[in-house]
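Engineer: Based on these hints, arrange chain X on the given structure of chain P.
Protein chains: 2
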Amino acid sequence: MMADPQVPVPPMKWDAWGDEAKAKPLSDNIRALLQQALGVSADEVAGPDRSEVVLQPSALGDDDLRALRDVVGDGNVSRADADRLPRAGGKSTLDLLRRKSRTPQAAPDAVVLPGNDDEVAALLQVCSRRRIAVVPFGGGTSVVGGLDPVREKFSAVVSLDLRRFDQLESLDEVSGEAVLGAGLPGPKAEELLAARGFELGHYPQSFQYATIGGFAATRSSGQDSSGYGRFDDMVCGLRVVTPSGKLELGRAPASAAGPDLRDLFLGSEGTLGVITAVRLRVHRLPEVKRFEAWRFDDFDTGAAALRAVAQLGTQPTVIRLSDEAETGVNLAMTDKIGGEQVTGGCLAVTVFEGTEQQVAARHELTSAVLREAGGTSLGPEPAQAWEHGRFDAPYLRDSLLAAGALCETLETATSWSNAATLKAAVTSALQSALAETGTRSLVLCHISHIYPTGCSLYFTVVAAQRGDAVAQWQQVKRAVSDAIMANGGTITHHHAVGVDHRPWMTDEVGELGVRVLRAVKNELDPHGILNPGKLIP
Amino acid sequence: MMADPQVPVPPMKWDAWGDEAKAKPLSDNIRALLQQALGVSADEVAGPDRSEVVLQPSALGDDDLRALRDVVGDGNVSRADADRLPRAGGKSTLDLLRRKSRTPQAAPDAVVLPGNDDEVAALLQVCSRRRIAVVPFGGGTSVVGGLDPVREKFSAVVSLDLRRFDQLESLDEVSGEAVLGAGLPGPKAEELLAARGFELGHYPQSFQYATIGGFAATRSSGQDSSGYGRFDDMVCGLRVVTPSGKLELGRAPASAAGPDLRDLFLGSEGTLGVITAVRLRVHRLPEVKRFEAWRFDDFDTGAAALRAVAQLGTQPTVIRLSDEAETGVNLAMTDKIGGEQVTGGCLAVTVFEGTEQQVAARHELTSAVLREAGGTSLGPEPAQAWEHGRFDAPYLRDSLLAAGALCETLETATSWSNAATLKAAVTSALQSALAETGTRSLVLCHISHIYPTGCSLYFTVVAAQRGDAVAQWQQVKRAVSDAIMANGGTITHHHAVGVDHRPWMTDEVGELGVRVLRAVKNELDPHGILNPGKLIP
Chain P
0 MMADPQVPVP
10 PMKWDAWGDE
20 AKAKPLSDNI
30 RALLQQALGV
40 SADEVAGPDR
50 SEVVLQPSAL
60 GDDDLRALRD
70 VVGDGNVSRA
80 DADRLPRAGG
90 KSTLDLLRRK
100 SRTPQAAPDA
110 VVLPGNDDEV
120 AALLQVCSRR
130 RIAVVPFGGG
140 TSVVGGLDPV
150 REKFSAVVSL
160 DLRRFDQLES
170 LDEVSGEAVL
180 GAGLPGPKAE
190 ELLAARGFEL
200 GHYPQSFQYA
210 TIGGFAATRS
220 SGQDSSGYGR
230 FDDMVCGLRV
240 VTPSGKLELG
250 RAPASAAGPD
260 LRDLFLGSEG
270 TLGVITAVRL
280 RVHRLPEVKR
290 FEAWRFDDFD
300 TGAAALRAVA
310 QLGTQPTVIR
320 LSDEAETGVN
330 LAMTDKIGGE
340 QVTGGCLAVT
350 VFEGTEQQVA
360 ARHELTSAVL
370 REAGGTSLGP
380 EPAQAWEHGR
390 FDAPYLRDSL
400 LAAGALCETL
410 ETATSWSNAA
420 TLKAAVTSAL
430 QSALAETGTR
440 SLVLCHISHI
450 YPTGCSLYFT
460 VVAAQRGDAV
470 AQWQQVKRAV
480 SDAIMANGGT
490 ITHHHAVGVD
500 HRPWMTDEVG
510 ELGVRVLRAV
520 KNELDPHGIL
530 NPGKLIP
Chain X
0 MMADPQVPVP
10 PMKWDAWGDE
20 AKAKPLSDNI
30 RALLQQALGV
40 SADEVAGPDR
50 SEVVLQPSAL
60 GDDDLRALRD
70 VVGDGNVSRA
80 DADRLPRAGG
90 KSTLDLLRRK
100 SRTPQAAPDA
110 VVLPGNDDEV
120 AALLQVCSRR
130 RIAVVPFGGG
140 TSVVGGLDPV
150 REKFSAVVSL
160 DLRRFDQLES
170 LDEVSGEAVL
180 GAGLPGPKAE
190 ELLAARGFEL
200 GHYPQSFQYA
210 TIGGFAATRS
220 SGQDSSGYGR
230 FDDMVCGLRV
240 VTPSGKLELG
250 RAPASAAGPD
260 LRDLFLGSEG
270 TLGVITAVRL
280 RVHRLPEVKR
290 FEAWRFDDFD
300 TGAAALRAVA
310 QLGTQPTVIR
320 LSDEAETGVN
330 LAMTDKIGGE
340 QVTGGCLAVT
350 VFEGTEQQVA
360 ARHELTSAVL
370 REAGGTSLGP
380 EPAQAWEHGR
390 FDAPYLRDSL
400 LAAGALCETL
410 ETATSWSNAA
420 TLKAAVTSAL
430 QSALAETGTR
440 SLVLCHISHI
450 YPTGCSLYFT
460 VVAAQRGDAV
470 AQWQQVKRAV
480 SDAIMANGGT
490 ITHHHAVGVD
500 HRPWMTDEVG
510 ELGVRVLRAV
520 KNELDPHGIL
530 NPGKLIP
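Protein sequence lines, in the order shown, are assigned to chains P and X. Mind the numbering: the first sequence is residues 0 to 536 in numbering that gives the first Met the number 0, read in order. Mind the numbering: the second sequence is residues 0 to 536 in numbering that gives the first Met the number 0, read in order.
Okay, chain P solo, but in the shape it has when bound (with noise of 0.2 Å):
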């Protein structure tokens, strides 16, 4: 039996996505799709209750509790199973199916939550000399096994939980920059800011958990990025805590003096410092908000419209484009999906936000481009149903592991021109290499995030488990990685390396780059503490 927490716990289910309440139970469509598609029974199989988990015992002695417990306070940190369970990984589903497991399972040896700056400057100092390492934590939304326990060299390894930090510190009304505390999750975040008339608009899929801190070191890309930008984007500066010291980055909107070292710790996962604080770049609340849906015939046209909106720069707030097969289940609308089509071809989903004239605008030149384009307004509905769903779609796979369906995204990026090439490249890969283990599989496919010279691939893959899952998954992942690798993509585009995409790496940056990358870190985290076996090969 599991004993109760210690200290405070993360708001997410330990073995599923997000909030109990929120679970979503497959739908008789859903359940029908399964069987007929994919020949999956969906007969629920329960997992193991929080209590018949067991994990490894910590590694952590009484000594180096002490301490660790001498800079924080006793009161913030534990090695109780029910503060590590929790922190043993993210949500991938890898980690997902891990969590099922009734043999013992890996966790951080202890949590640790720091309170400020020093704190963390201490922890870091401790852990150097008593080589323990350090996982930073903010909302455990990693899907690419950011936050696996990995102990490498080490006597231990802890999970330094960023929650504490959890303040608007400042808010520059002028210049719209406000700074954040790294473990603010977004909806606290936005709160805060909306009760001064500001808002961030970082809406990635993992928003209602991830923090402030997170988005920086994973690149994170919400599904506003067309209006806002990507995390990237927002970064006016950043406070970081190494071993090897502090750093401030960031004195100015735009500057030339050298390098710009916050792209260093823009994606580094934690294995550089520990990023405290961010100075973001905020907007005033928009005045209105306009949907439109799209149809079009087929992807390459839908695709090429999108390109249109992107090189000619005409400002949605949102624009995104489902492939022939995720429309044709309404993966768009999750309340809808197995239902009957709510159109044939392409869905594609635009809004868009701003002062009364300025959508008024953005709105016209957009759907000018997208008719031009052999686009179909569909109107507003199912615009505003995808965005009703948006933060829905985990839940489902949440439902859709326990009745043994395999279920799984992942992502690239690539140029316009290479796009299609890229899409069905990674397709087949997945639909092959899921054949080789005994399973049908149904590959889906949205555009997300658009730029002047290329686009995301966002896939969903649905099969059936066969055998041990977690090894069926690993299988599929080496062969679509390579696929995406051997095609000019980009190993993700917004899911971060982590230790899952950690392989390809090399091919990514190539030697030198890795080399680089390294000599980096030996320089700030001397004694390899931070996250080893994440991200630098």
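Hints are not guaranteed to be accurate.
No copy labels: a pair is met if it fits in one copy or bridges any two.
Unchecked claim - Below, in silico cross-link-like pairs of lysine-lysine (DSS-like), each with a Cα-Cα straight-line distance of 30 Å or less:
(1) Lys245 x Lys520
(2) Lys520 x Lys152
(3) Lys335 x Lys288
If you're looking for bench data, these hints aren't it; they were derived computationally from the structure.
Structural biologist: Only chain X this time, still in chain P's reference frame:
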């Protein structure tokens, strides 16, 4: 008597900006202004003729010369004074004053012109082995000492001229991506793109001479930055040759695969590697162009108007604002300088490019914002006059320096809320420091680059030369740089660091930031041959 050059000569005058045919003799208005306001007699003093200049003898030995020739061929290496002189520095006021010296001048010991990446790699090997410093050379337009022939601990220093990297290597018309050789000067790059219907849209003041590689290595920012972004924003990929090997960076339009290593080489000023090609975002040639100038009562009102435009995102291609002093002497229109004032208060210039529909929408939204913020339209003419003369200011400086005036520009950037404070501090620092040297001064300022969170501030200062003008300006530069850092500015918004701003880099990025830069340099350039004495303290 200086013998003829043996390798192709950089197109700029050796002792002044640009093209001899475009020299701008001082108008009567300007002469009057100099005499009345600054006590400058304005009698031109001729500098030495090229044949009278004496260079310090080349320190490159015959063995070293043979080793360089073995790599690039006999015709692509020269120790001739006539080849060394035009690469002896950039085009800062200090450079131009030094070129007027009749005592032996410092210069690179030889000039080398490699023809491809492998030759660059081989050169860096030879120079690492033989302990020869290497200064990469593009257009020769540095205004921060980035090309100074600093030898430090090395036996010799060579200028590595990239002019043979002069091809449009490829153009992806669908994605809008062009791979351009690092040695291509701005106009040639635009000419190659225009022949295919595309444009880069990067027009810094140095446009007519500076090169694609130089733009990347210095984080250049062009006058159309509001519409097309800073040069950084346009860079999709980079090919870099270092003593430790080659790098190909930028796999996708956006990625979360770790830190963005492109940002280590953007702004690296030749200290980390030699950029040989840049993959750039390009756009279709605009169909329509529209001009409109505006008047504001004062600088603060105008700045607030520009801020509203940036924060609302109404997308002018160009937007800039002169302060009262700059407006008063008509500096924004070089042909009218010192003549009757075009407008009272502060002059702002807007330009819009794009399709007809886009330009109409952008112009309408922007004009509404400017009007609402207190602007009065002056019609298109003053904006057209600005564009007509926009590359001419450096020619004027040549004439001013020859007439005994001290003239230089400097720039910074800060948040909107700090702009007035920083502007006042810089102005006051310039005026007092120059007063200490015994001269009155004229300090003019404009905003030429706007961002949602802040803006650039660009200063032009004119005073009388007193005593050793080099020492005089160095003293003033120290005072004003200290003032910039003490008042929250960046040491440079788009001129880069070089030798001149290097003492302030520790303030800019912190001691640990400098250690990170050194660690990267040690990994890529273990012998430290690349542009020693620049950027990294």
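Engineer: Against this structure, judge whether each hint is valid.
Structural biologist: Hints, one by one, checked against the model:
1. Proximity of Lys245 and Lys520 under a CA criterion of 30 Å is satisfied in both settings, with 14 Å inside one chain copy and 21 Å between copies.
2. For the identical chains of this complex, Lys520 and Lys152 are neighbours both inside a copy (16 Å) and across copies (28 Å), given an alpha-carbon limit of 30 Å.
3. In the homo-oligomer, the alpha carbons of Lys335 and Lys288 lie at most 30 Å apart inside one protomer (23 Å), although the nearest pairing across protomers, at 47 Å, exceeds that limit.
Hint check: no violations occur; every hint is consistent with the structure.
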